[in-house]
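Enquirer: Turn these sequences into a full structure, and let the hints steer you where they fit.
In case you want the letters, here they are:
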Amino acid sequence: MKKFINDPYDVVDEMLEGFLDVHKKYVRKLDAARAVVRADGPVDGKVGVITGGGSGHKPAFIGFVGQGMLDAVAVGEIFTSPPPLACFEAAKAADGGKGVLFLLGNYAGDVMNFQLAADMAKAAGIPVEQVISTDDVGSGPKEEAHKRRGVVGAFFGWKVAGAKAAAGGSLEACKAAVEKVNANTRTLGVAISPCTVPAKGSPTFTLAEDEMEYAVGHHGEAGTAKINMMTADEVTEKMTLEVIDDLPFKTGDEVAVLINGLGGTPQLELYICYRKVKQMLADRQIKVGGSYVGEFFTGLEMAGFSVTLMKLDDELKELLAAPADTPCYKVLP
Amino acid sequence: MADTISAPRMLKALEAMCDIIETEKDYLSELDGAIGDGDHGVNMAKCFREVKKKLAESQGADMSTLFNNVGMVVLNSVGGAMGALYGTFFLKMAQESAGKGELALSDLVTMLQTAEQGILDIGKASPGDKTLLDTLAPAVRALEQSAKDGLALPEAMANFAQAAQKGMESTTDMLAKMGRASRLGERTIGHQDAGATSCYFILRALASAAK
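Chains as they are written, first to last, in my numbering: chain H, 995 to 1327; chain X, 50 to 260.
Derived from the structure by calculation, the hints contain no laboratory data.
Ideal Cβ positions, reconstructed from N, Cα and C, are used throughout, including at glycine.
There's no promise every hint is true.
[As the list claims (entries may be wrong)] Examples of chain X residues toward chain H, derived with CB under 8 Å:
| no. | residue |
| --- | --- |
| 1 | S78 |
| 2 | K95 |
| 3 | S126 |
| 4 | G128 |
| 5 | G129 |
| 6 | G132 |
| 7 | L134 |
| 8 | G172 |
| 9 | G228 |
Expert: Pasting the structure below:
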């Protein structure tokens, strides 16, 4: 393992120390538990939008705490869900009197710990709703879509929920908007080299020089198959076809496209892949109403990328375009 | 050989539990690495080091306080699915032992039944899904049977630990239906579940309180 770290057990706290100093204009850490919240929160009369999960996904999750996006994030160890107390303290700190919305990926630990936190929050008189995202088409058949992993498609959920909440939306309205995002978003990922969890010290999977892990998860979970290396156009086409067929996205639809780097793939390559997706959508007369290329949700140093499409309507377009000001994502007013 | 377990006796067993987890951490990570993300041993060890510190401050505590102290640390130190499940397990044991001095076999049956139900409620798994429940459920059934048969406490707890071990071993042939391992389907057959294994170490340590 070659990494710029100190004690493997200290990576999350040491990262936070640096992050909090750089971005103190936006965020602060709670004293009671490891949760990062808006520096100016809670915002009175606004629904609190909360997520959380294991660390190692920079800029997710804490990079998106700020105006128009997330109010609080419960911070776990690397790839390990945060404990209920952190989720509950995040909820308390984000509650502006209109309740809180928990947004989580579909991981057993996250679901359990947030459930325990929801029980604590309700007991403390804070209304709680939650949406579990399931956008990864590579993690299960369509008939069992509720069992699929939630991956980078959650970024659209955070943006939309944050915008809806900032516009004064009720807890129910914010929840409904994110449910609409999840119902209309599909993602598929591929990796060409694994990641190493510092406390474990060895890679999450191994690949031969000419192999890819197809339908990989963002913790380096093994995908559906190891396949031979392809060109950017070939693999992007294979992935995008699967994503298009799953919803399905049809001629005349308008979509947002998100090409997410998994941590070790240069932007140069991501733009090459984006270009192929754009061509495929143009061939099918699917309009691109928003394009996102870069690192939104990584798996440490894993090299790979994912293709996400979200079918848009007027409400989603408006919420995506609404202002946001966070350490790692900004939309100018 | 006694027919009840005192709080100091249980404290010793809980300390032994922390030592077992520390000793077995590499084995647990190795099992987890085969079909999970390989950090189970590391996270369990980190968690039970905190438990051990808390136990050092728990001399003289009553039974319920002991379990509550353990449960709160397990729940809120490391996180993960294991934190939620084992945290719930110990907190339910605390809840059912409230107001009790020494534990008789009938008390342990009630405590472990409630703890099992807590894990069923939060984890949503069923026996046969290749989880820690496949260790816990048969162990609790064995304890119920021992109580029904009127066995003495040490014998009943020995049966409990033995059933836990068999349950743990039975996960080798199972197909994972919960958690990250479930995405691997058939590839999970032939590997003993890491959670079922750590659960066995926990239950074996509890049983040692009756020796």
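Enquirer: State for each hint whether it applies.
Expert: Comparing the hints with the structure gives:
no.	hint	verdict
1	S78	7 Å, holds
2	K95	7 Å, holds
3	S126	7 Å, holds
4	G128	4 Å, holds
5	G129	4 Å, holds
6	G132	5 Å, holds
7	L134	7 Å, holds
8	G172	7 Å, holds
9	G228	4 Å, holds
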